[in-house]
Amino acid sequence: MPASFLDAVWLVPALPLLGAFLMLLIGSRLSNKIISWLCCGTIFGSFLIALGIFRDLLGLPATDRIYEKIIFTWFPAIPYITDGGNAANFQIEWGYLVDPLSSVMILVVTGVGFLIHVYSIGYMAHEGGYYRYFGYLNLFMFMMLTLVLSNNLLTMFVGWEGVGLCSYLLIGFWFLKKSASDAGKKAFIVNRVGDAGFLLGIFLTITTFGTLSFTGINAALASDTFAMGAPAITAITMFLFIGATGKSAQIPLYVWLPDAMEGPTPVSALIHAATMVTAGVYMVARMNGLYQLAPTTMAVVAAVGALTALFAASMALVQNDIKKILAYSTISQLGYMFLACGMGAFAAGIFHVSTHAYFKALLFLGSGAVIHALSGEQDIRKMGGLWSKLPVTGKTFVIGALAIAGIFPLAGFFSKDEVLWRTFANDVGHGDLFTKILWGVAMFTALLTAFYMFRLVFVTFFGVSRVPRETAHHVHEAPRSMTVPLMILAVLSVVGGWVGIPAALGGGNRFEHFLAPVFASHVELGAAEHAHSLEIGLMVFSVGVAVFAIWLAYYFYIRHTEIPEQIVYRLPGVHRLLYNKYYVDEIYDAVFVEGPVLGKGLATALGRFDLKVIDETGVDGTAWLTRSISRLSIWWDTWIVDGAVNSLGWLVWALNWPARVLQTGMVQRYALWMATGIVLFLLYYVQRYILGS
Amino acid sequence: MTFYEVTFYVLALVALLSAILVITCRNPVHSAIFLVLTLLSVALIFLQLQAEFMAAVQIIVYIGGIMVLFLFVIMLVNLDVAVRQAPYNRQRWIAGFAALVLLAEFALFIYRGRDWAKLPPAAAEAVQPNTELIGRALFQSYILPFEVASLLLLVAMVGAVLMAKQR
Amino acid sequence: MVPTWHYLALAAALFTVGVIGVLTRRNIIIIFMSLELILNAVNINLIAFARHWGSVDGHIFAIFIITVAAAEAAVGLGILIAFFRNRDTVNADEIDLLKW
Amino acid sequence: MTTLLEILEQPLVLALIRVLIVFTALSLIVAYLVYAERKILAHIQVRLGPMRVGPHGLLQPIADGLKLLLKEDIIPEGADRAVFWLAPAITVLASFTAFSLIPFADNFYVTDVNVGLLFVIAISSLGVLGIILGGWASNSHYPLLGALRSTAQLVSYEVALSFALISAILLAGTLSMNGIVKAQLQQEVWFAFMQPVAFFILFVAAIAETNRNPFDLPEAESELVAGFHTEYSGFRFSLFFLAEYAAMVLVSSIAVTLFLGGWLRPFPNVEWLGFLRFAPVVVFGAAGTWCFLRFFRFPTGREWFWQRLMLFALGTGAAAAALGLLYPPVLVASQGAFWFLAKVFLFLYAFIWFRGTFPRYRFDQLMRLGWHFMIPVAIVNVIFCGVGLVLSWELGWNRSLSLLLASGATLLVAAWLARGRS
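Residue numbers (my numbering), protein chains in the order written: chain A, 341 to 1033; chain B, 826 to 992; chain C, 518 to 617; chain D, 12 to 433.
Think of the hints as simulated: they come from the structure by calculation, not from any bench. Because the structure is a prediction, the values reported are computed rather than measured. Honestly, I wouldn't trust all of these hints.
[Stated by the list, open to error] Not the full set, but computed from the structure, chain A residues with beta-carbon under 8 Å of chain B: (1) I432; (2) I777; (3) V1007; (4) Q1008; (5) L1012; (6) I1018; (7) V1019; (8) L1022; (9) R1028.
[What the hints assert, rightly or not] Covered stretches of chain C, going by a simulated chain A footprint (3 or more residues, C-beta under 8 Å): (10) 533-545; (11) 601-613.
All C-beta atoms in this analysis are idealised placements derived from N, C-alpha and C, irrespective of residue type, glycine included.
Please model the entire structure based on the sequences and the hints provided.
Here is the structure:
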């Protein structure tokens, strides 16, 4: 081990990469036990190193808690001129940047990742392709860590695409199931849209700043050459945000996440709840310097976040698939994070990211345990009364639900209230009314969140059991390897928020201060000063709202279970609208797939263009050109080059005919020549001595 | 015409005819038999020429050794195909012509030389006792060629074994 | 008494026959036999002259010739067998390559 | 008008007469050799053997000969007729011609060239041709295999045989058969005692040369039906048959001539053993008396008449011979032939005895024995013998001693060669 863990930062991604290589190369020959130990070991190793890094970082003074390690130069220097007219050197190192933000992220990723790996051992025990699963998982860990640790946009993009790939592979893990492979493709394609935006953002960044490394960008920003709301920066941030919506499932690109639930539950927990989907948030937070200079984008981000939160929460109300519900709740929570970012409260966003990672992973794993217990059943209408059957799962699940509902003093409470308070308090120049509307929406979303989470809890674990008899008799608690991570995550969901107790509650809000150097704002945020009393009041209000929602869920789904039917009966339109997720998928399908203009029309037009212009004119034309040139060269080769060679050969052939006549290779021919020679020789003597004399 | 001369001409005739048959027979076995006949008569001619040792060696080495080897080889290589093939190659006419010219030249020389090669000047017993004389000559004046010949035989034996070995 | 030149004539005749055989036959075995004929003709000459001059040197040369003949037969037939194993023929005019 | 005696004086006529005598005698010997073999084998196997034709089947060989002559003579399909006809002739010719060089007595032989031994070897080596041609001409697999085997065997053992002979020639210093016998006479010792190793090698090689047990692989009934003459029948078969037994007699005579003092009586130079020259008288007398005894103790009756008559005739003949031999000139004249034949019969008895006793070798064992043991030992023997002679010439060592030393050294080498083989 090196003296400082900071030097060993490269090990953090390297270990999972090693694991992935081993799995995908020789995994098929290893026994499940070895595979489990190997993969979990790699992740645990990275986790330990991450802890060490975190400690070393804390050891440093707050101002220079930034450490950049260049592994190798990826692209050599290419000089060019930026839009700003100043010379730049396009050079990209493959480097790792360690600062409070990335250190927090790697801690969350490796920690939760490790727990989920352990959980997977039990969950995937009876599945085929064990090594494949863990190989993908390790590969994902590597990509995610690359994304988080990268010191520039391009390597980040590599990780970004890598996690997309792994998500695709893992969603379609059971690729024999058509819905699974379709879901995988959907996720991939939808993400492409966002990634296109991301790429455009990167290009713009290059042409604008002449560099992609975050430190470089920040330096450029610090040199104050960019006015507030400069169009270039707005464009960049917009494009990057499009990418973020893709990866983090925000309107309008959230549609892939619910389908992604086709993958194994641990995957949903790790990739589609805890880590990958938060990549967008992380990216926005990472680029906060730019976003702070683009108020318009900030407004858009906040609005999109809030809308997504409300939207997804409303959809989650009526879903019956346990994982779908959690998926929509994930989307809405992501909305919260973006809202925070949009309101300039990046620290709050990241805070919510980490806490959300705990309790959402907990919830997913709990649902996984339930599904595991019910041998694959996902419909909550076929559950109920499981509290006694699955004690550990039930308790931990309830803890998770309380956490996400924002009940004091669980993790969700602090992070969510941080978000809400920032939304209420921060003034980033969106205008007062806009801010308050966003706050209202967020509040209402919180109510909905508490409601549907506890609908889920009550319907699943309490009330009468609706479990079909054949599955009922072998309902069993999950194995230790699954329950232990659940407990650990439950503890985390309780205490996870205590690192960020706001000042109003006498806490030092250490989390925010820790992240502060990263989010040192280059522009003066009009952070309106408010009294602590107001903040506390809002907290109490939100908690009350949550409690009310929980009571409402209890009333609806335990006491008078007929009420939901009545509501459905009363407002069929609304229910159908929600139940069908606002027909968004259908609309997309109609517009972008079947649609005459953007769908089929565009497709056919593009196809025809491809066929006519590119194929026939371009490719075939080139081919024709090549053919004719090659004909020419063939002629040349045949008549000039070969002609020369052949004529030379013919010359030799013609010149050596005497040798050919003499050397037939037949021994008797040689003997004949010999005899002839003797005859002639004797003839000479005949004419000399006999005829002559 | 003495018994001696009669035997000589008979033997010569036999030798010549069977030699011609050697090169005209299609079947190698027959050729071998006629060759044996030729060698035998030549051996007897040696006997007439007071060369008993040479006669014996001729019979032992040629007939007892080389011809047996020939027959062995003939039986190893199946010759029923060879029998059906054309016996002569394409150059037979010109070759025969050349050979006949050669014969004519020989005849001319021998005819010209018949006078001095008429009667054997040496006494009939000049080379007697044959074996002892040969032995002395071989081991005294011709010892080196003798050793070289033995070496040649050794090399030939090794080479033959090496080539005929089943590989 | 048989004059020496009769022996020479016989030798010449045998020699010619052997030459014809060597030059015209296709079967390698018979070509070898013809070679033996030639050598025998030479032997006759040598023995005849030895008798003529009353010395045994001719016999010595004949012995060496027989030795050489034996060696030649052994090696030649060895080659023939190896060749037959490879090419399944014993015809001389089908051998016109040094290597195959 | 020349008298009969003058005609007989002609060398050519004399030679012809001798050839006739030798040929007839040989044929008789061969015929009765077969008879003897059958009898001896029978007694070895505690049987009686031929008893019916003549007293104790004495006429059996004649009956066999007639049978063979009268049998149908089959030429197999696709056989090369000319060669098929030629082969047995060659063999018989070879094995009979060789006898023209064997000295049966001091003054009784067809011819005696100064390279006689070489000629014997040469002519007997012609027999191989007959065998291989016959096997080939039969156009059948067993004969071909038999012929190849037999040829390989003969060629291999001929080498050892020749080397053994050479070591005898070294002692004799001449190639003429009679000269060799004379050499033994004036060296006062049979070469078998000077060259025990060579004698042994010659003996074994002789057995192999004649395809006798335990080396009778060419006609191993169990493997090759009857070897190279499987397809032969009737007269031609009898020719091969004749040739084989003639070859037996031939090699026996060679061995006797070279190693057992030919026509010499045992210890010719020892005066007080002179009575040995009456051995012929004793033998014929004994035969006569035996015949008469059998005659008197023979069952009487018409069906036995001819046999008794024959016994009587034989007895009288033998007695007459004995009496005639008492006449000194005759006795002297008969000595050589008698002793020669006696020794030859000894050899032949050994052959038959082996046949009755030994199991057959396997072919590869035979070849290994020939090439890996016999030939090397024979060569080494020749070398050591030469060394011994040189020692006795140059350093004046005792000749017999040095030669026995050479034989001892050879035996050591042989033991080293035979190590590991039981």
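These are the hints, each one checked on the structure:
no., hint, result
1, I432, "65 Å, violated"
2, I777, "99 Å, violated"
3, V1007, "11 Å, violated"
4, Q1008, "6 Å, holds"
5, L1012, "5 Å, holds"
6, I1018, "7 Å, holds"
7, V1019, "5 Å, holds"
8, L1022, "4 Å, holds"
9, R1028, "12 Å, violated"
10, 533-545, "holds (count 4)"
11, 601-613, "holds (count 4)"
Violated hints, in rising order: 1, 2, 3 and 9; the structure is consistent with all others.
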